[in-house]
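Chemist: Respectively, the protein sequence lines represent chains F and U.
Going by the numbering used here, the first residue of the first sequence is number 156, and it counts up by one from there.
Going by the numbering used here, the first residue of the second sequence is number 15, and it counts up by one from there.
Mixed in with the good hints there might be a few duds.
Claimed, not checked - Covered by chain U, according to a simulated footprint, are these stretches of chain F (three or more residues, beta-carbon under 8 Å):
id : region
1  : 194-208
2  : 245-253
Claimed, not checked - Here are some of the chain F residues that sit facing chain U, going by a computed Cβ distance under 7 Å:
id : residue
3  : ARG177
4  : TYR180
5  : ARG232
6  : ASN256
7  : TYR257
8  : GLY262
9  : GLY264
Simulated from the structure, these hints should not be mistaken for laboratory data.
Just so it is clear, CB atoms sit at the ideal spot from N, CA and C, and this is done for glycine as well.
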Amino acid sequence: AQSVTQPDIHITVSEGASLELRCNYSYGATPYLFWYVQSPGQGLQLLLKYFSGDTLVQGIKGFEAEFKRSQSSFNLRKPSVHWSDAAEYFCAVGARSGGSNYKLTFGKGTLLTVNP
Amino acid sequence: EAGVAQSPRYKIIEKRQSVAFWCNPISGHATLYWYQQILGQGPKLLIQFQNNGVVDDSQLPKDRFSAERLKGVDSTLKIQPAKLEDSAVYLCASSLAGYGNTIYFGEGSWLTVV
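Please put together the full structure from these sequences, using the hints given.
Modeler: Below you can see the structure in the form of structure tokens.
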């Protein structure tokens, strides 16, 4: 069965600093990988996704992620963090769920705090 | 484009009572999901529909949880009787049918069982 590990429960960075959130996955086939962000009291918003091709994926809000098959990782990065990036970030792996459908399995999330 | 709509946003009930959550997916989305998110954890899939058929309900506690998607559009998730450990956010999501289409989430229904 598929699984996702986000080793860091909580990360604090200063505004303007760079950011890297770690994600490791376990899946028996070629993975479809996702990063979602959740602001307090809100639903999940898709930041970016990887299906195939270029292993460096660009997303919204200046985020990017790199797929490394040898390390089973899909880390999220941002060169300069803004105060509005404070939120919880979830990594997910997509797995087939019957027919032409798929379902997401999420990690436990990383809470990002941004200091002014 | 309207997003995934959910109601009610907040609900407080006593244990052993029942509760129902409603979801209206994005127009044209054949696939609908219900996820449970307990505080401090990632969302966990409860049930997945394609049109009005169940694709995956392997993690749905069927002794107390039920869900339906009549006519392949709106969906209702019911809990009866509720337990304290059911306190969570219930997220509805939808997507176009097919592998890899983006899954869009609603803002969730927050349930507190006291």
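Chemist: Taking the numbered hints from earlier one at a time, note which ones the structure violates and give those numbers from smallest to largest.
Modeler: Hints 3, 4, 5 contradicted; others consistent.
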